[in-house]
Structure formats: structure tokens, C-alpha cells
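Start from the sequences and build out the full structure, keeping to the hints where you can.
Chains as they are written, first to last, in this note's numbering: chain A, 1410 to 1664; chain B, 4 to 440; chain C, 2 to 459.
Derived by calculation from the structure, the hints in this document are not laboratory data.
Keep in mind that a hint or two might mislead.
What the hints assert, rightly or not - List of simulated lysine-lysine pairs, DSBU-like, C-alpha gap at most 35 Å:
{"no.": "1", "chain 1": "B", "residue 1": "Lys435", "chain 2": "A", "residue 2": "Lys1429"}
{"no.": "2", "chain 1": "A", "residue 1": "Lys1551", "chain 2": "A", "residue 2": "Lys1511"}
{"no.": "3", "chain 1": "B", "residue 1": "Lys435", "chain 2": "C", "residue 2": "Lys268"}
{"no.": "4", "chain 1": "A", "residue 1": "Lys1511", "chain 2": "B", "residue 2": "Lys24"}
{"no.": "5", "chain 1": "A", "residue 1": "Lys1433", "chain 2": "A", "residue 2": "Lys1505"}
{"no.": "6", "chain 1": "A", "residue 1": "Lys1598", "chain 2": "A", "residue 2": "Lys1551"}
{"no.": "7", "chain 1": "A", "residue 1": "Lys1433", "chain 2": "C", "residue 2": "Lys352"}
{"no.": "8", "chain 1": "B", "residue 1": "Lys34", "chain 2": "A", "residue 2": "Lys1530"}
{"no.": "9", "chain 1": "A", "residue 1": "Lys1511", "chain 2": "C", "residue 2": "Lys425"}
{"no.": "10", "chain 1": "C", "residue 1": "Lys452", "chain 2": "B", "residue 2": "Lys435"}
{"no.": "11", "chain 1": "B", "residue 1": "Lys318", "chain 2": "A", "residue 2": "Lys1505"}
{"no.": "12", "chain 1": "A", "residue 1": "Lys1551", "chain 2": "B", "residue 2": "Lys24"}
{"no.": "13", "chain 1": "C", "residue 1": "Lys352", "chain 2": "A", "residue 2": "Lys1530"}
Unchecked claim - What the simulated footprint calls covered on chain C by chain A, stretch by stretch (three residues with Cβ under 8 Å from a Cβ of chain A suffice, anywhere in the stretch; the number is not a length):
{"no.": "14", "stretch": "332-341"}
{"no.": "15", "stretch": "353-366"}
Using N, Cα and C, we set each Cβ at its ideal position, and we do this for glycine too.
So the chains spell out like this:
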Amino acid sequence: MTDAPHKMTARDVSVFYGEKQAVKNVSIDIDMDRVTAFIGPSGCGKSTFLRTLNRMNDTIGNARVEGQITLDGEDIYSSGMDVVQLRARVGMVFQKPNPFPKSIFENVAYGPRIHGLANSKADLEEIVARSLRRAGLWEEVKDRLNDSGTALSGGQQQRLCIARAIAVDPEVILMDEPASALDPIATAKIEELIHELRGRYAIVIVTHNMQQAARVSQRTAFFHLGNLVEYGDTDNIFTAPREERTKDYITGRYG
Amino acid sequence: MNNARATQSTQAQERAPTDWKTVAMQRRIRKRYRAERRFRFFGIAAVVLSAAFLAFLLVTMVAQGWRGFTRTEIMLPIDFPASGMMVERAQLDTAGADLALAGAGLENAVKSAAAAAFGPGGESYISDNAWVSVRKAIKHDASVLDRKTQMRVPASSEVDQAMAGRGTSEILAAVAKLKNAGLVSRHLNLDFLKVSDSTDPVAVGIWGALKGSLLTMFVTFLIAFPVGVLSAIYLEEYAPRNRWTDLIEVSINNLAAVPSIIFGLLGLAVFLGSWSLFGYRVGPLLPRSAALVGGLTLALMIMPVIVIASRNAIKAVPPSIRDAALGIGASPIQVVFHHVLPLAMPGILTGTIIGMARALGETAPLLLIGMRAFIVTPPGGLTDPATVLPVQIFLWSDEVSRGFVEKTSAAIIVLLVFLLAMNGLAIYLRNKFETRW
Amino acid sequence: MNAFALMFLVAGLGLIGWLTARSRAARFDRGGAKRLHSLPAQHGFFVAMWVVLPALLFVAAWGAISPALVKQTVLEHPAASQLPQFDFERDALLAEASRVAEQPGVAAFDPVAQQLVAPTRAAKVRYDWIGTAGAILLAFAGGAYAFTRIRASFPARSSVERGMMLMLLVASLIAILTTVGIFLSLLWESVRFFGQVSITDFLFGTHWSPQVIDPARPGRSLGAVPLFWGTFFIGAVIAMIVAIPFGLMSAIYLTQYAAPQVRRWMKPILEILAGVPTVVYGYFAALTVAPAVRDLAVAFGYPYASSESALAAGLVMGVMIIPFVSSMADDSIAAVPTAMRDGSLAMGATKSETISRVLIPAALPGVVAGILLAVSRAIGETMIVVMAASGAANITLNPFESATTVTKQIVDLLTGESEFDSPKTLAAFALGLTLFVITLLLNIVALRVVKRYREAYE
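Below, the structure written as C-alpha cells:
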């Protein structure tokens, strides 16, 4: 474990939907060069917690967040934090691929355009090409960048969404069950991609597929009923869990 | 492998990470937030201005219309013994009282009393109908005929307008004098709701039009509701998917958007036109200007609204309920009439009320089928000549006399009250019975 | 007996049939079977159906043909020979006789008509009796037939349900009948119109003045282009300039920005705008908006502004259409998957960027379809233009000048006093046909766009 400061930290974070508490006093650190996996049965609060990391919970009317979350030491819920910048720095990939009904090129170019990242048309084209390459989609789509993004296959759409997130040059990428809507081959491609992206970005992935967590992550957090039950190196979690509940879950006794 | 190489090759031309703290970037973000606030402001402005227009419209109508529910009354001194009227006292308690008083020259007596009281031309200060309220007072207490007395009678339209500051300088001065003497004043007058059309703006009322509206709505409901609900049931529950069904659906969807005036043309040509049937000329099928024709025409107009609302309500009943009923051996007809229809009824009623409200406010098709007659006596039945509230509003709005402005606005207030009540009822039903399955 | 009384009578007979059949079915010998196929009440409905339906059909049919029979009988009366040969005058006299015949104690104005009153009355009475007797006979015959058929094993329920199915089908066919009725009646009168006026004169003529029609060449003053222009200018241009931005922006604000509380109150308030009757808008436009617009024009240095300007009518019409555009836009925006909005927000787009670059483009087909429907509603709107727009047919681009519309002219043409067959009256139907076809096309296109758009997200 390095001594470098953590990319993101969460301290005593609770999330409420109206009266109902969905996440209870979660504290966790996220580091730059690792993939962190959140696992747990459905409804355990892992996706909710993920959405607090780039304040996507703001879009839900009655959600309320308590506790402190920092990005590079800055409190992201402080009044000085700009949500637009935050979300550019902490990107997100969703469970269901959600390309915009625009061309492949426009899908990827959307972020750089709104944030003003490109100086010229050539620059923009280069950003798009690089993002698509990085998402491993370039070879498949380079000849049809003007086709609609929605015309791609499910796996391709998801990689397009990853390319779209990369194009804004984020520091952290949050992935909410990115492969759950895909077939096994497309899933393998996404996992391979996560491997390659690791090191360049801090990656947080929510999954309820334990093999996937074991395959792609270095750190794993197990959530249950809104609590963070156990957090540690993936190898340890899967081979020698400290908590009984974790053991029950990963051996398939419930969930 | 391929991907990996692609990644490697781009490594060389790696750009520096975005620095969000630069002045240029901060300025850009501030600009984007300004655009955001501007956009949001436009949104608020659109909502507020639309609501403001509604408020302005309602305030204008109420400000102009409240005077319609009042009337100017004038204190008229009248000396019955000196008027020379010969009235048989015995008749005053009988049904012939009205005739007896009219025959005794009450109208002229009242006019001369006005001339005597207010000077030459004084009879123009009181309404042409003033003697009717005097008659009422006499019938109430016959002893007034034996003495000199004072009575409040409705003032004429000119006096009424002068009270609001409109008119020639002579009448304004005269009315100001009367006002200072405390002889003329405004009073709440609900006769407006009880009497019918007239040529004199102070004597008009909306009862005839309102009754016409109610009769028309009765016919509309009687036709449109059963036909609309039955065809919704057929289309939603039983219709086979074929070209005929498609044709019915397309017809209904398009009828819902056909301009209302076209239905007026249909009513005019079909119900009121002459037909050639087996060589005979069949005259108009239905009487012109009648509530029956109006109701039928409006029923055709709102039927698609009811069909569409009913279909949505029926569609919202979950299939599990149908399965459950079919599972215990109910026939398809029983499933619908015992289970689906009762559950869909709140939605169907909501749609029906909204459709009826639309019919109640409709004017154009009724103009074409002649429901614009001058109706002094309220229609007694479905085939009598009638007019309806919106058409009455239209007719009064064309009147030149200034007194009609406030009466028009007052009629609009009555119409809006009815419509708001109906829409309110629909919203209440929707909220109360809204079920999430 | 009049039709209503007859219907009540038939309904009463139906009730009697229902009661007797039910009590008879309740006493059926079950013959060992555990249950009857049908309940007693269903046997009752079977009989009631047979009592009521044939009789009512007969009453309806008789109501349609008996006036013709009465007329035929009256024409055979000797006094009828004094009637004028000309169809129109003869019908007027017959109508007068018929009217007087129904009101005892009133005399006809025309002596020939007065002579025909007695025969008319006699004929009416006779055919009334035939109708009544026929209806009652049919009711009894139907009832008797049904009554002989019911027995323990008779599947009354199936028969009743077949009857109900038929009723449902007939109810849904009324929609088609109405559409066909509209189309045929408009077409029929229009064909008669185009028999007198050439179709090119009507569709492409630029001069409209139905008050002065040259009988030799009526088409010269019945060129409808100024009407089409006025309709387009008021309904599709001025009204939309108001309705589109206001409707779209309110939908966006209420769906994307407003707190749920605000939305819950403001949405119904805007919907009230759509519920205000058009005659109220018309009155408001004529009384308040039109003078204000004229004063405004004068203040802008345009002294010849009309007090029946296209602008006043168009503005008020636009306000009326706002909730319509707003609810269509609301629906289309709501149909865009939330995932798309989240995708954009998650990249750091502001709300307005998300709305204008992702939501609106995604919802565009729905919004465009909504606007087409709004246009179709605006050009078919009648009362606002009848009360606030002018009757003068101008082709102008100046919103302060007056313009007239198709709907306004239909009302003007048909509410004047003129005979039914004149080109002036028939022109109203030709205008109606044009309006019907145009709105129909707009609706078909819009509905198709909406349908395809819905499918794209399902």
C-alpha cells in the first residue's frame, strides 16, 4: 500500500431517500491506480453510494446525503464545489448503455464540446479518435463515425459510453454494473477494457457478479443493507473474509 | 492485443490533463452558468406570463361582470289614489291579478308617476319593466293602493350607465342629483339568473340560455356516454386485429382533432338538410334551433374524447384481473361488465366530464345549426327553439348598447363557474380514484 | 304517440318480458342436471332483448320514413293541386301546413297551406297510429318468439352475449359513420358548389367578396386564396410565434426545473387556459386585446392599423394553444429515457445544456408532431376569429392590418339570410371540405410521426 494521498475519501456517509436510510455511515478510500469493486445483494445501497461520488443523487428529488466525501482533499458537497466540474472529473458509466440519439462521433464529441476542451476541429477529431481507441472501439467504428450511436450492438454501445466518459478526461470513472445488460463476449471485452484503463484513472465498479469483481478489481467493498460490511484487498475478501456475512455472501449462501 | 497496441500508439501524443483552475476555464464555466440561469429564467417567464394572462383574463371578466349581477334601482314616489287607476280588489287574490292590474293601466300610472317625480322626460329614468316590480309589490300588499307611497323600481339602462360615469352630460348631472338625494342606488339582483333574453340590457337574464345548455348537455350525455364507452370496450377488449379495427381507430383519432365547426356543417347537412330518399324528398329530420340537434351534434364531437379516455382507463386495468375472472369461468362479457368496467369507471367518468365541459363551452357548431335565436321564453322541451350559454355570450357581445358589456361578462362568469366546477370534479375524481397497479 | 313516449312504452314492455321470463326460468325443471346453462336473469335478458330491439329499430326507421309518407298522402289530396309546381315554394307551404297541424288553435298564413292543414293532420295521426301499432306488435311478436325458445337447456347467456357483442360493434362503427358522414356531406355540397363555380376560380382566385356575387360568373368573387392566406397567417404564423416558445419553455421548466410542489399547482393552472371556452377568448380579444393592439400600432407610428387586426386574433389564439403545445412537449420529453438525461448530466453538462442538446433533439419528432397538431387546431379555431378578426379578405404581411380566415367566412356565409342552394351557402361547404382535408392531413402526418417516435423508445 502506498503512502500517496487517496484520490477520493468518504467519511461517515449516509444517504436518505425521504425517511428511508439507504446508506449507513460508510467510510471508504479510493485510490488512483486501483480498480475498486462494490459488491453485495441488490438493494444493499452500493449503487446509491456510487451515485453520491459524483453527486448524481442530486437529480433525485428527495435524496439527502450526510457525511463527507472528498476528491483530492476537496469536499465535493461543500458549497464551493462546482457540480459541473465535479462530474467532468468523476465520470460515470451506467448499467444500461445510454448513447445519445446522435452519431457516434457526436456522442463522443459532446463532452469536449460542452466543456470547451478542444481548440479546433482537428483537435476535437483527435480527442474523439483517442477516446474511441482507448475504449477499444476505434477499429470497429472508424469507418462509420456518422452512423447513429443507437445502431451499435449492446456491447459496442457500452464501450461507446465509456469512450464518451473518457473524452472529458476524467480522473475517476464510476461504473454502475456496466456489463449486467450484456452477453458474455461483450462482458469479457468490457472487463479487458477495465484492465487497460486501470492506472490511468481511478475506477470504481459496482457489480453483483462476484467472479467479475474478483477478475477486475484490486480492492473490494462488500455492502449489506446499507452498511459497508468489509473493505479490503480483493484477494483477501475472496479467500479469507473477516466477517461471517461476507463469507456467506461470496459462498453463495444468500444474495 | 489490437486494442492494446492502439492504446500504446496514442500514448505518445498524450495531452496534459485538463486544468480546471485556469482563468480561461473558470471564465468558460462562469459563462455556462450564466447561460443556465438565463435558460431557467426564460422557463419561469414562460410559465409566469402564461399564468398572468389567465389571471388578467379572469380579473377583467370579474371586474366587468360583477355589475351584471346588480342593478340600479330608483326610488319612485307614487300616489295610487291620485293615479285614477280602477282596480277590483277582489281580483287581486286570484290568478287574474296580473291581467286586472295591467288592464287598470298600471304601466301608464307608473310612467306618469316617474314623469311627475323626475320632471319632463322622467319616465325614461325607469326601466320599461319597472311596472312589473310595482305589480309584484301590490300583489304582496294591496293596501299600498290606498295611499301615497315610495317604491324602489329598476332604473333604465341610461341611468344605469350614468351610475358608472358613462352618458351625456345632462343625464350625468341628473343622476348625480338623484344620487345626492339618495334616491338611486345599486343592489344585488339575482333576476339575472332567473329571466331570459331581452332587448333591454337591464332586463336580460341567462335562464333561457342556461336551460338550453342543460337540455343540450342532457342529449349529448345520453348519446355520447353509452356509445363512447361501448365502443371503447369493443376496441380494447374484443376487437380482432384487422383492417376494419384499424379503420375504426384511425377514424376515432382523427375525429378527435377535427375542428368543431366541421361538426356544425355535418349537423346542418345531415340533420337539417333535405334528403332524397327512394325518390322522396325527406325534409329536415329534426327541427332547427332545437336542443335535440345541438345535443346530437355535440355528442358526435365529444364521442372520440370519451372513447380515447375510456380506452386508456380500460387499458390500465391489469390483465391479472381478467385472468382471475376468466379462470373461475366467467364469460368474456361478464369479465368486462363485472370486473374491468367498474375498475375503469373513475377514469371513464373523468374523461366524460372533460368531454362534457368541452361541449358546454362550444359555440361554433351551434351557430351553424341555428341555435342563435332570440329566445325570450326558456325552451320547454328538446324540440323547442333554444340557445345555449356560449351562444348567448356571442350574441350579447355583438350588441352595441354599452349595458350589454357587463351582462356579457356576467354570463361569462356563470359559464366559467360551471366549467371550473366540472373540471374540478374531474381532477378530484382522478386524484381520489387514481390507482397504481 | 310521440317517439319518446313510444320508447318508454317499449322499454316498459321489455321490463315485463324480463320479469316473466325470469320467473319462468326460475321454475324450470332441472332434470337432474346440477346447474342450468344460464341463470334465470339471463333468460330474462334474452326475452327483453327480443322485445325491445326489433321494436326500437322499427320506431327509428318509421321516424325516418313517415314524414315522406305523410307528404305523399297530402300531395294526393285534391287541395294539393293548387300548390305551386316549383319545388322550393311547394316545400315551404307544406312545411307551414305541417307546423300548423301540430299546434291546435293556430291558423296558417297562406290560404293553400290552411286548406292542407286538416289533411296533413289526418295523415299524421294515421301514420302515427300505424307506427305505434307496428312497434307494439313487433314488441309482442319478438317477446313471444323468445319466450317459446327458453327452456332449461337453452343457452340464453350465449345469445344475450352475442347480442351485446353486436351492440358493441355497432357503437364502435358510429365513429366510422361519422367520419364518412362528414366527408360525404361536405363532398356532396361541394360538388354542387363546383357545378356552379369552377374549382380553379375557387382555389386560385385572389378576390373574395361573397356580398356581391355576379350571377353570370360567381367564381370571380369567390376566390379563396385570401382566406387561405389569412388562416395561415393568423393560425400558423402569429399564433405559433406565441404558442411554441411559451408552450415549450413552460413544459421544460415544469418538467425539468420546477419543484414538485410548483409543478403540481402550475400544471393544472396552465391547463385551465385550455379549458376556457373559445367564445370567452373571442370576447376578450375583441374587447381588450384588439383595441390595445391598435393603440400600440398607432403609437408605433402606423395610424391606419385595423381594430380587427390579424395580430390581436393571432395573439389570443396563441395563448389558447400554449397548454396544448406544452402538454405535447411534456409528453415527448417525458418519453425520452432518464438514462439519456443522466448520461449527459454525469459528464458535467449543465441542465440547460442537457435539455437543449440531448433532450430536445431526442424528443424532436414528438415536439414537431405536437406543433403540427397545434397548427391544425389553430386553423380550425372559429370563435376567436369570428369575434376578433375582420371579414375583409386581404392578403397582407402586416400583422396590424386585417385578415380573414376560412372558419370566419364559413360562419358569415351560413348565418346570413340566404337560400340553401345559392353559391354563397354552398361555398361554406367547399371551405369546410378544404379545412377538413387540411386538418386531416396534418393529423395523419403528426400521428404517424408520434407513433414512429414512440416505437423508437420502446
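Check your understanding: Taking 8 Å as the C-beta cutoff, is the stated coverage of the stretch 332-341 of chain C by chain A satisfied by three or more residues?
Key -> It holds, with 3 qualifying residues against the three required.
Review point. Is the straight-line distance between the alpha-carbon of A/Lys1551 and that of A/Lys1511 35 Å or less?
Key: Between A/Lys1551 and A/Lys1511 the Cα gap is close to 16 Å, so the pair holds against 35 Å.
Point to revise | Given hint A/Lys1551 paired with A/Lys1598 - CA-CA distance at most 35 Å | key: 18 Å, holds
Review point. Given the proposed pairing of A/Lys1433 with A/Lys1505, does the C-alpha separation stay at or below 35 Å?
Key: Distance ~26 Å between A/Lys1433 and A/Lys1505 Cα, so the pair holds.
Practice item. Measure nothing beyond the straight line between the CA atoms of B/Lys435 and A/Lys1429; if it is 35 Å or shorter, mark the hint as holding. Key: 26 Å, holds
Point to revise | Agreement of B/Lys318 and A/Lys1505 with the hint, judged by alpha carbon distance not exceeding 35 Å | key: Since the Cα atoms of B/Lys318 and A/Lys1505 sit roughly 28 Å apart, the hinted pair holds (cutoff 35 Å).
Check your understanding: Given the proposed pairing of A/Lys1433 with C/Lys352, does the C-alpha separation stay at or below 35 Å?
Key -> Holds. A/Lys1433 to C/Lys352 sits at ~30 Å (cutoff 35 Å).
Check your understanding: When you check the alpha-carbon spacing of A/Lys1511 and C/Lys425, does it fall within 35 Å?
Key -> Not satisfied, since the Cα-Cα distance of roughly 54 Å exceeds 35 Å.
Check your understanding: Is A/Lys1551 within 35 Å of B/Lys24, Cα to Cα?
Key -> 34 Å, holds
Check your understanding: Are there three or more residues in the stretch 353-366 of chain C whose C-beta lies closer than 8 Å to some C-beta of chain A?
Key -> holds (count 5)
Check your understanding: When you check the alpha-carbon spacing of B/Lys435 and C/Lys268, does it fall within 35 Å?
Key -> 18 Å, holds
Practice item. Decide if the proposed pair is consistent with the structure: A/Lys1511 and B/Lys24, CA atoms, cutoff 35 Å inclusive. Key: At roughly 31 Å apart (the allowed maximum being 35 Å), B/Lys24 and A/Lys1511 satisfy the hint.
The earlier numbered hint that this structure contradicts is number 9, and it is the only one.
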